[in-house]
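Chain A is already provided as a structure; the job is to place chain B on it using the hints.
2 protein chains.
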Amino acid sequence: MNTGEDQARILEGLKAFLRIPSISTLAGRQPDIRRAAEFVLAELQAAGLERARLIEGAGNPLVYGEWLGAPGEPTLLLYGHYDVQPPDPLEEWRSPPFEPEVRGQDIFARGASDDKGQTYILIQAVRALVKARGRLPVNVRFLIEGEEEVGGEHIERYVSGHAAELQADAAVICDTEMFAPGLPTLCVGLRGIVYAELDVQGADHDLHSGVYGGAAPNPLQAVAEILAALKDREGRIRIPGIYDRVRAPAEEERAAWARLPFDEAAYTRQEMGARELVGEPGVGLFERLWARPTFEVHGIAGGFTGPGAKTVIPARAVAKISLRLAPDQEPAEVEQQLRDAVARACPRGITAEVRPIHSAPPSVVDPDNRFIRAAARALEEVFGQETVYIRSGGSIPIVGLFRRHLGIPSVLMGFGLPDDNLHAPNEKLHLPNFFRGIEAVARYLDLAGGQGNQAAPAPA
Amino acid sequence: MNTGEDQARILEGLKAFLRIPSISTLAGRQPDIRRAAEFVLAELQAAGLERARLIEGAGNPLVYGEWLGAPGEPTLLLYGHYDVQPPDPLEEWRSPPFEPEVRGQDIFARGASDDKGQTYILIQAVRALVKARGRLPVNVRFLIEGEEEVGGEHIERYVSGHAAELQADAAVICDTEMFAPGLPTLCVGLRGIVYAELDVQGADHDLHSGVYGGAAPNPLQAVAEILAALKDREGRIRIPGIYDRVRAPAEEERAAWARLPFDEAAYTRQEMGARELVGEPGVGLFERLWARPTFEVHGIAGGFTGPGAKTVIPARAVAKISLRLAPDQEPAEVEQQLRDAVARACPRGITAEVRPIHSAPPSVVDPDNRFIRAAARALEEVFGQETVYIRSGGSIPIVGLFRRHLGIPSVLMGFGLPDDNLHAPNEKLHLPNFFRGIEAVARYLDLAGGQGNQAAPAPA
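Protein chains in written order, with the numbering used here: chain A, 53 to 512; chain B, 53 to 512.
It is worth saying that the hints were derived from the structure and are not from the lab. One or more of the hints may lead you astray.
Heads up, the list lumps identical chains together, so a pair's fine if it works in one copy or across two of them.
[What the hints assert, rightly or not] Derived lysine to aspartate or glutamate pairs resembling EDC-like cross-links, with alpha carbons at most 16 Å apart:
#, residue 1, residue 2
1, K183, E102
2, K362, E201
3, K67, E328
4, K362, E249
5, K362, D380
6, K67, E153
7, K362, D140
8, K67, E102
9, K183, D420
10, K67, D84
11, K183, D58
12, K183, E249
13, K183, E385
14, K67, E151
Okay, chain A solo, but in the shape it has when bound:
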């Protein structure tokens, strides 16, 4: 679809986008956040979008643009994000994180895959169609946010308050990955999440273990006891009721997962760097990762962790914990189950409180949905292979948000790869995926609009 000249221009545009250090977790990067939002705005305008503008509010600006010139055709809500993760640890980058560098067929930079590169795929696909034909086969609304890496509060408030203005038939989210290089992939299920702090208090001040050891409650030991009570050594969650609403995947879906090209030894040892896989006995790997709840502890604060020794019994300890939720678990119910289980597991002399931080429901999309079928076909045409349906073990809260407030399904069409180093040093995007992604999204818009027989647009 793209000529070499075209590709060079698009690549330069991507590089300009990647050079902006729009790190949303760092307050000092606010000017860069705004620069990135304005960059996206200019790109939407250049792509022919109308009413393109920044939506200001409490938080980082949303970028909006629309093209609604196809009455009778469906409307797609195209989502991406322009904010990125911090690049630390800097010393592990082979090239500076905000100086994009092409090495071989990959472009390396923070945000290359997550999510500037993929956001740019959406914009360039629309631009190519508009330039070639002066119009689009469907109606589109772009909604690009700048807080995806920090909880997305602005978009949540905006979507919940402006459902009518965002009316659409489906959302297209370009922020996931392909199961394997060259293998077109649609993600049709996501786990939800309940993230919380477990706040544990013993005495009201730190105590010396020599003087008080044997009489004083130890909140760190209490955290250990509670965590060990909530999950057994085999990986089964021991929170009463937690599995009650978990819906087993259909046999057909399980069978499809079993056919995925997968090298478990390479996954375990190279990708994860682990000696062996763990988790619920008797449950297959993809089901454990995608369709079963999990319980994890992410950090434990309290006491002394510096070099050497300090014999303190701390007054307080706080653990960061989360549960991933499988369909059809409900976050509020899981939170209550967690609270109850913690109360039961709490030892003598200790008070334990569960403080929710954020949550998102799980979701599954029916693969027979017409927007999913069109996406599968577009990917197959461009990549020349049958599209596989997978799920993701992660949580993309925007999917639940769109379903809840706009009543629409999300098509998760992603062009990242499993080794893209998201949130890690040397993040990259595979450039063949990038250019084919633009082609596939353009083709998708045709197919979603019932223009399936029209040829792909010539380059602008």
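Using the frame of chain A, we list chain B on its own:
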């Protein structure tokens, strides 16, 4: 014994000592460490000690001084330390930690009780006798160290290599506390310690809990499982063999503990700030604190503990743990028992290593020892109450060191109080204890030397 004028001079000397921020854990405080050592040196010289000098070596200087002019009389090794704990958190101090302030009958400063104030008691007691009589009733050697708060490696090497030069009949350690205000107390037992890091590894890099949760080993959860396996919810240590060598206190000693003036409710709620006492069921409080082994976790590092949420499964976690040892447990054996128990408790996919940091054996002293009897009598004379014998749940490694290398018992004559805020903000020393302490030590030197009937010295 001391006139008011005398007391004023001694108090000024103590304040000068307390003004030196000789924090041994902070590398940047090396010049202050040296200043403190030189301060002690000058005080020993002023007190009439001979061959007073700094003993240099790998670590902070030891300060030595001797008076050996009483042939045929016993030799006492007087021990204290000039280094102090860091003062953090600074904002909780009512007056700056290194600007000593007298409020009521207490002097507030870091090191007031632990151990500059008590070290100064030893020096001033000797000084008072020398000034009054030109001689001492016994031979003494001072050995004051500057690494007590960081493991005391220098003194350990020095004592083990110079046993002949340190020949003595007993050590006097002035670094403990009285059981209650005004109640003369001798500590005749100490717990030992095995302090270690539990280093737990899962995958070789951090993993995202959305992507890998359900398959990845979680080292923080493994730490929790191991800790929960090593101690049960009631406080019993579940390390096989751990109680085998524990010697129960004699009925007589238990009975004496039961007679100690003690308000359990005040201890629990005011002193500890806890809601209830915990620990081994069916074992009395003082026995739990002084004569039973305990297992504590002091800190757990690994993963994410900042504000907000991060869904990381860390590659590694490290817990700081310790066991307090009761007579007659042996550190090396306990270390091996701990290693074995950790290996058994370690879950699948995880490697766990126990890395020893330091250890000390427990010790008990026979109260019928002549040096202990003399101390009890000296305290009784000065404080006007019968001396009580207690133990300490803490570990004073120097006691084991003196016994092992010099073959001598230690007399733990301390003048701190339970509410002195050791290692905490607003550390203090009760000034009446300080001055009576000087008197009591001076009287003790008389009694230890068989000069029991001589009157206490007049002030200098």
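For each hint, the structure was consulted:
In this homomeric assembly, K183 and E102 come within 16 Å of each other (Cα to Cα) only inside a single copy, at 14 Å, whereas the closest approach across copies is 97 Å. With identical chains, the CA atoms of K362 and E201 are at most 16 Å apart between copies only, with a shortest distance of 9 Å across copies and 36 Å within one. In this assembly of identical chains, K67 and E328 lie within 16 Å of each other by CA distance neither inside one copy nor across copies; the values are 39 Å within and 61 Å between. Only between protomers do K362 and E249 lie at most 16 Å apart by alpha-carbon distance; the minimum there is 11 Å, versus 25 Å within a single protomer.
Proximity of K362 to D380 under the C-alpha cut-off of 16 Å is found in neither arrangement, the shortest distances being 46 Å within a copy and 24 Å between copies. Proximity of K67 and E153 under a CA criterion of 16 Å is satisfied intra-copy only: 8 Å inside one chain copy versus 63 Å between copies. Proximity of K362 and D140 under a CA criterion of 16 Å is satisfied inter-copy only: 13 Å between copies versus 28 Å inside one chain copy. Taking the closest pair of Cα atoms, K67 and E102 never come within 16 Å of each other, the shortest separation being 25 Å inside a single copy and 77 Å across copies.
In this homomeric assembly, K183 and D420 never come within 16 Å of each other (Cα to Cα): the closest approach is 32 Å inside a single copy and 101 Å across copies. Taking the shortest alpha-carbon separations for K67 and D84, only the intra-copy value of 15 Å comes in at or below 16 Å, while the best inter-copy value is 54 Å. In this assembly of identical chains, the alpha carbons of K183 and D58 lie at most 16 Å apart only when taken from the same copy (12 Å versus 97 Å across copies). Neither within a single protomer nor between protomers do K183 and E249 lie at most 16 Å apart by alpha-carbon distance, with minima of 50 Å and 63 Å respectively.
With identical chains, the CA atoms of K183 and E385 are never at most 16 Å apart, being 50 Å at best within one copy and 78 Å at best between copies. Within a single copy, K67 and E151 get their C-alpha atoms as close as 8 Å, which meets the 16 Å cut-off; across copies the closest is 58 Å, which misses it.
The structure fails hints 3, 5, 8, 9, 12 and 13 (numbered hints given earlier, in ascending order).
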